[in-house]
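Sequence lines, in order, name chains G and U. The opening position of the first sequence corresponds to residue -15 in this note's numbering, with each subsequent residue numbered one higher. The opening position of the second sequence corresponds to residue -15 in this note's numbering, with each subsequent residue numbered one higher.
Read the hints as simulated data drawn from the structure, not as lab findings. Be a bit skeptical, because a hint or two may be false.
[What the hints assert, rightly or not] Mimicking SDA-like on lysine to any residue, the simulated pairs with C-alpha atoms at most 20 Å apart in a straight line are: (1) U:Lys111 x G:Leu109; (2) G:Lys104 x U:Lys16; (3) G:Lys136 x U:Lys111; (4) U:Lys16 x G:Ile121.
Number of protein chains: 2
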Amino acid sequence: MDFLKNYAEFVEQEIKNLELPSSPIDLYDPLKYFLAIGGKRIRPILTLMSGELFGLKKEDVINGALAIEFLHNFSLIHDDIMDKAPLRRGFETVHEKWNQDVAILAGDVLMIKAYQCLAKQQGDLKKLMDAFNQSAIEICEGQQFDMEFETKESVSISEYIEMIRLKTSVLLGCALKLGAIAADASKVDSDLIYNFGVNIGISFQIQDDILDLYGNPATFGKQIGGDVLANKKTILFLLALENANEEQKESLLNLQKELNPDRKIQLAKELFDSIDVRGKAVELKNKYSILANQNLQKIQVETCKKQNLIQLSDYLLVRKD
Amino acid sequence: MDFLKNYAEFVEQEIKNLELPSSPIDLYDPLKYFLAIGGKRIRPILTLMSGELFGLKKEDVINGALAIEFLHNFSLIHDDIMDKAPLRRGFETVHEKWNQDVAILAGDVLMIKAYQCLAKQQGDLKKLMDAFNQSAIEICEGQQFDMEFETKESVSISEYIEMIRLKTSVLLGCALKLGAIAADASKVDSDLIYNFGVNIGISFQIQDDILDLYGNPATFGKQIGGDVLANKKTILFLLALENANEEQKESLLNLQKELNPDRKIQLAKELFDSIDVRGKAVELKNKYSILANQNLQKIQVETCKKQNLIQLSDYLLVRKD
């Protein structure tokens, strides 16, 4: 994580340097608050690294990087309303700390701020806009699919993969693509680095689902089994359902009604183990990691310059579980 | 209104021609619904007329026009949530017909669609973006000020004018400015037509406040006295407060507590008449109409080409009251 420090500090400093107005106070205070509670700034770092890969300096792509970070934070503020989430990164969400109207409007302004940053980014603005707009729309589509899946009776593995591709993965691809466009990289290389990011995103999300049940409680950061308790249709549940025999299928559906939380998690583990769900999920995760690496390898830049991105992808995907 | 028909039909047709995806259904159905219930399409028509003024054809500025219309509709969908409005243009609002989450997300996507249109507009994209972003942010600021004014004890006339400038007027200015930028008009002319629009917007909003109490019930389209009944701080109320003597001030504050609606409206009229609020409001309205016309006159284009815009501004501002 040490190799990320310089990048993260650079992004952090640029966010601090933003001169946001003081009034209307209930519009800009929530923005400042939400941007300050941060996160790891992985997405803007991807833009910086991609810009460097194609020959630019960090400073040359910071506006694109901020645009991506703001787009991400806009979607979090609005998603938190829809998900009725009380906390984000351990802090109160905007709609909790202020109210829902404030959160809607703060998200809206942050989105427009994202476009203001994008407009300042060097490079072909039309191409930057096209990449950015497509991903922004897909993020909304992904969020909608995610909400629909909650009440939908059956969701296929491929529908689920498509949902996480839209909801979380295209943003990683877009972050990288902006760096490539800013550097005037070829269309082929821009698409390769985009696909590198999207596949990392899918792989990461599958891993996140795996860690929900099989993660190390000391390092995972969320409650182990939280998805199981919430009856979420994660990749584990969907793989279990797809590979279950009739008896196992019945147990899976009965599991949803179990009220004792410890017992519910224990039963889920036993059932998933009997279907080797973890192995199947890891296999799927690896499929997308490999796809990601294949795309990175094909980019027409010396391998040594790719080290930062390889290290970042390892950091994201080779978590201890 | 006949001279608007061609323009409105052109905009309507272009909106119908949009190929919006069918899925996710709860994301795109609300969008299609809201865009179909229409309105008079004044804002995109302003962009078309401005483009023509500076030598372009309607077709050359349609993307900028749609961007403005989408920005406007995005802000309506989100404002309706915040205002808990059940109806818009006589139809159910999106959060009423679907639910609030759907309305948040539909608004978000519409906003991104606005930027997609903008990116397709001919002309200097950086300049188009700068104008568009500034107005988009100001609209959010205006909405926030408007909400804050509801609970704020005292609001000055100049604060009120600034709020309506941000919330509704800059969008008219921006609509016109996009047409000018698309046509590569001079900076001076772009600013003049922007100021023409902003001043029309302020004048129109003041007129709207006047019509609330003094409009013709047969043609106004809203309930006469609605603002009075809701204790809204309109320009009439603020002018009354500013010009009232101690006794009238007390009557004004007592008026807020009156429960009988007919009596409340009657009392407001009597009180406002005794302070000549209507005359003062019309004077203020005229001040901004005159400013608008002065800006239009200064634009370096033959006067005959300005006829459409003059006619449109008359249509907006010379309503029978």
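Quick rundown of the hints versus the structure:
A C-alpha spacing of about 11 Å is found between Lys111 (chain U) and Leu109 (chain G), which places the hinted pair at or below 20 Å, so the restraint holds. In summary, the hint linking Lys104 (chain G) to Lys16 (chain U) is not supported, as the alpha carbons are separated by about 32 Å, beyond the 20 Å threshold. Under the criterion of a C-alpha separation no larger than 20 Å, the hint pairing Lys136 (chain G) with Lys111 (chain U) is inconsistent with the structure, at around 45 Å. Taking the CA atoms of Lys16 (chain U) and Ile121 (chain G), the gap is about 15 Å. The hint holds against a cut of 20 Å.
Of the hints listed earlier, those the structure fails to meet are numbers 2 and 3, in rising order.
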